Amino acid sequence: MLKLFGLLLVAGGCTFWGFRAADELSARVRIVQELAQAVQVMERELSLFRPSLPVLLERMAQGRDKRVSDLLMRCCAEIEKGKNFTEIWEKQVEHLDIDEREKGLVRGLGQVLGQYDDRGQVQAAMGIRQELEACAARRREDNRTKGRMYRMLGVTAGGFLILTLV
Amino acid sequence: MAKVCRQVFALLPDRLRQSVPEMGEDVLAQVEEIRLRAGHPLALTVSDTGRRVNGPAVEPQELELLLHTASKWSVHTVLDQLCSGFMTIEGGHRLGVAGTAVMEGERIRTLSNISSVNIRIARQIKGCARELALHIEGEVGVANTLIVAPPGAGKTTLLRDIIRILSEGGLRVCVADERGELAAMWQGKAQMDLGPNTDVLTGCPKAQAVQIMLRGMNPQVIAVDEITAPEDVRAMELAMGCGVRVLATAHAQNEDDLYRRPIYRTLLETGVFEQVVVLSRRGGQRTVRTRQVRELLC
Chain A
1 MLKLFGLLLV AGGCTFWGFR AADELSARVR IVQELAQAVQ VMERELSLFR
51 PSLPVLLERM AQGRDKRVSD LLMRCCAEIE KGKNFTEIWE KQVEHLDIDE
101 REKGLVRGLG QVLGQYDDRG QVQAAMGIRQ ELEACAARRR EDNRTKGRMY
151 RMLGVTAGGF LILTLV
Chain B
167 MAKVCRQVFA LLPDRLRQSV PEMGEDVLAQ VEEIRLRAGH PLALTVSDTG
217 RRVNGPAVEP QELELLLHTA SKWSVHTVLD QLCSGFMTIE GGHRLGVAGT
267 AVMEGERIRT LSNISSVNIR IARQIKGCAR ELALHIEGEV GVANTLIVAP
317 PGAGKTTLLR DIIRILSEGG LRVCVADERG ELAAMWQGKA QMDLGPNTDV
367 LTGCPKAQAV QIMLRGMNPQ VIAVDEITAP EDVRAMELAM GCGVRVLATA
417 HAQNEDDLYR RPIYRTLLET GVFEQVVVLS RRGGQRTVRT RQVRELLC
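Those protein sequence lines, which keep their order, are chains A and B.
Heads up: the first sequence at position 74 corresponds to 74 in the working numbering, and the numbers run straight through without jumps.
Heads up: the second sequence at position 270 corresponds to 436 in the working numbering, and the numbers run straight through without jumps.
For reference, chain B alone in the conformation it holds in the complex (with noise of 0.2 Å):
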């Protein structure tokens, strides 16, 4: 891990990354994001908690000359992706950004004006869902899974681990990975493990990736990444149809968070899933537990 964290810290612009100081190599590997902000030093979250660097103030130029480093002066391909606040770079690591938007009509055409961007570093840790995988596959074949958890708490590490998992159990499993964070696909390879036998279609809205890999890639499981959206339900229901198993993410509390949300309710509803897997973390630790659909639903 400190291997992969020095890479990252590769990317930054000479004079920020002289101003990062000499770490041992298992703080290194704690260190979960880089916080840079135009007017202040740069800082670092180790093991979620925030550590700023006495350093020089990050200049505007160097964020956005971070940017054309870390996309291989290839702004064109992660235009979409910055969009959308954040883009996906080699490695795997995900680089949040804050700035102006420039609107064309409803839709924003890009950012300027850079003035935050927060590199989260990616980590897959293969075996943290090797238990779990065990309640998921079980006689009868892949439970219909909806794994619930608040942001930062591990879900798309969790349904990452499951994926391969199962792929490496010679599953045939496709991947709607819409904001490339399962996969990380960096120039038509996948920057993580997702076993031998998974599909990765990426950039495409979920609802359409689901039907494309439905009719060319014969999936006998389908995952997807944080179902946000009335079309996401509607794919979900189209992949149940057509005899596929179903393993999906969604940002919740809890299993009452979720049932309070309407498009998570109906998607209960729909009878899609038969288990919701919610994760919490406290303190560091974290803490997974199942509940069947039909339990909620009463």
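In isolation and in its complexed conformation, chain A is listed as follows (with noise of 0.2 Å):
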């Protein structure tokens, strides 16, 4: 009985760490997918109300996934206490679950937001959001692909160790 249980929790572990393995990469296209509209919020914003800052954070927020949410929103209150925006935003960036090269993107737009005219953020913005979209559209690529070996290695490694162990 202990040993079943125990083949059981092997196979169960297994099979976790596939499925949680996919999760992870589905959340990544998640957060690359997040921070593209959010960027697309900004270049409508910008393009016809031209907020200041703290409120173009807290509307980019609006509806986002909590991870994007709570970074602009960490900036907006940041920069009502009066830091350095430049400075906030590459320090919340390097929390992103995401690669070099999205970081590497995302935190472009830190050099832009809030210092030049709306038409120079919103042509910035809108090249970036364009490459994390082709990001997203790669990464949504690899889920696919990878997702589903992950989750199938995970049900082979438990099976596998099963026999093995029986």
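No lab work stands behind these hints, which were simulated from the structure alone.
Accuracy of the hints is not assured; some may be wrong.
[To be verified] Every beta carbon over 10 Å from chain A, so not counted as near; a handful from chain B, in silico:
#	residue
1	231
2	243
3	269
4	273
5	441
6	455
[Claimed, not checked] Sample of chain A residues facing chain B (criterion: CB under 10 Å; computed from the structure):
#	residue
7	52
8	80
9	120
Just so we're clear, the structure is a prediction, and the values are computed from it rather than from any experiment.
Think of the CB as a built atom: it goes at the ideal place given N, C-alpha and C, for glycine as much as any other residue.
Each chain sits in its own coordinate frame; assemble them with the hints.
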């Protein structure tokens, strides 16, 4: 009985690992997509209303994934305290669970936001958004192939261990 | 007032803020301007007299950082103002800016190489126009009034208080606040108290603002700060033609100086204004004189 329980635990653990790895992949896709959408909101808001940066960040945060909205709201709070936005942004972007290339793109926003005229910011944001969307598309493709592979690997590894241990 | 002054000091970059000496509440309350010039130490204007702080020389990057901090990293929202040489910040204070203008055709696109910043601390003196408001709001209603004074004599402060008093008295007042000096709007909120019945249109040329407000806000009184262009004069005529009472200010030393300037002479001759209030400031004392326009025209 104890052996059976142990085997089930091992199989369950492996499967869980596989599914978790796949979930992490899709979570990263979601973050990149959400960032691209937030940048799109920024473009629209700047083109029409020219809000101040704290208001803009708040509007970008509305309806976004918690990780992205938390990042935006933290930046907003720090600006209100009189801190340097470029420094805050760079620090916050470091905490995002995305790869270096994507971080580099998002970091680029911190060099532009609130520091140029609205048109200049919108142009820069458009370029960054297009690149983020391309990254998201690549990640979706990765997620489709690798996600399935991780799940299969988890289940297979679980089954293999059961067979080996039995 | 000392608290307001401390809030403004908080905007300064760390190194400069630390160079400001400890000051008593009474001195702080009298600080009118903070002047920063690249290559020179910070200077304060306390009650009309300059006072240089023995501190480090201001670096150009610190001036740029100050503009970013003061605009809450939103230069795009104040760029139009900056091209006119100033920006209004939270609390209604004004940052005058000098540097190198980047031109695009005839117009200034932006200012670069910022070399001087002058922070004028906004003060609202509630009640300073109480007596004058009695003259303006007579038994027959509000008299169309032009407030005349040289720069720094307090005409904007006076007009602001008149607006507040009329608004609190129940009149619908519209303010065409082109340069944001009267209401000092910050993110949709007036930083100065203009009363409960006041509507403000800011950032828009006065002549256009007057037309917009006449069309949409059904005002009883329209107030504008600093009439400077023929279009402003036409807008005043338009408002009067619609039966709206008009309050405005103009730059001039006195009534004679006013009448010597073609634009103001035209303005007086249109018959829009019934009275002129002349402000002057001598030795820190402000004097207020009221003259009827028909006397001036004789």
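Which of the listed hints are not met by the structure?
The structure breaks hints 1 and 2; every other hint is satisfied.
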